[in-house]
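Participant: Sequence:
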Amino acid sequence: MPAGVRPLGSAGKVSQTLFLLAQARLQLAADAADGSAAAILQDVLLEDAGHAEALGRLAEYYERSGSEGDLIDLLTQAFDAAIAARDPEAVVAAALRLGGVLERSDGERAA
Numbered sequence: 137m138p139a140g141v142r143p144l145g146s147a148g149k150v151s152q153t154l155f156l157l158a159q160a161r162l163q164l165a166a167d168a169a170d171g172s173a174a175a176i177l178q179d180v181l182l183e184d185a186g187h188a189e190a191l192g193r194l195a196e197y198y199e200r201s202g203s204e205g206d207l208i209d210l211l212t213q214a215f216d217a218a219i220a221a222r223d224p225e226a227v228v229a230a231a232l233r234l235g236g237v238l239e240r241s242d243g244e245r246a247a
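For my numbering, count along the sequence shown from 1 and bump the result up by 136.
No wet-lab data here; the hints were simulated from the structure. Careful: at least some of the hints might be erroneous.
Pairwise CB distance ranges, derived in the manner of DEER restraints [claimed, not checked]: (1) 151 - 244: 39 to 45 Å; (2) 166 - 221: 18 to 24 Å; (3) 241 - 162: 29 to 35 Å; (4) 220 - 178: 16 to 22 Å; (5) 229 - 178: 17 to 23 Å; (6) 148 - 240: 38 to 44 Å; (7) 243 - 148: 44 to 50 Å; (8) 183 - 242: 30 to 36 Å; (9) 228 - 162: 30 to 36 Å.
Built from N, CA and C at the ideal position, the CB exists for glycine as well.
Build the full structure now, drawing on both the sequences and the hints.
Facilitator: Structure, rendered in structure tokens:
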């Protein structure tokens with residue numbers, strides 16, 4: 137959790153998540169290569185593993201920064217969270233995204 141941010145009760149978790157997402161958006165806008173935005177988004181995902189915006193923004197960050205291993209780990213976690221939530225649409229979306237990254241990764245290694 138970022139310095140100075142205290143955990144809140146369940147009533148404050150939504151506000152805390154919104155605050156952290158806004159903070160991450162500002163960090164990404166200021167310096168897309170800055171890892172502090174990734175850390176903030178990871179904090180959001182610790183609270184809500186299936187948070188779509190945090191997953192999407194963190195995946196985009198990992199793609200831009202070339203952090204292939206982190207991207208694969210993140211998409212695997214998204215896939216697992218979708219299965220646990222019993223959300224068929226999210227399972228399919230996560231599987232397709234993860235499969236695309238793995239296929240691209242294997243193709244680059246083979247070249």
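Participant: The structure should be examined with respect to each hint, and the outcome stated for every one.
Facilitator: Outcome of the hint check:
1. In this structure, residue 151 and residue 244 meet the distance hint of 39 to 45 Å, their C-beta atoms being roughly 42 Å apart.
2. For the pair residue 166 and residue 221, the beta carbons lie near 33 Å from each other, so the given range of 18 to 24 Å is not met.
3. One distance hint, 29 to 35 Å for the beta-carbon pair residue 241 and residue 162, holds here, with the actual separation near 31 Å.
4. Here the CB-CB span from residue 220 to residue 178 is close to 18 Å, well matched to the stated 16 to 22 Å.
5. Checking the proposed 17 to 23 Å range against residue 229 and residue 178 shows it holds: the Cβ atoms sit about 20 Å from each other.
6. In this structure the supplied range 38 to 44 Å holds for residue 148 paired with residue 240, their Cβ-Cβ distance being about 40 Å.
7. Hint check: residue 243 to residue 148, Cβ distance near 45 Å, so the stated range 44 to 50 Å holds.
8. The hinted range of 30 to 36 Å is satisfied by residue 183 and residue 242, whose Cβ atoms lie roughly 33 Å apart.
9. As the Cβ distance of residue 228 to residue 162 is approximately 32 Å, the hint placing it in 30 to 36 Å holds.
In summary, the one numbered hint that this structure violates is 2.
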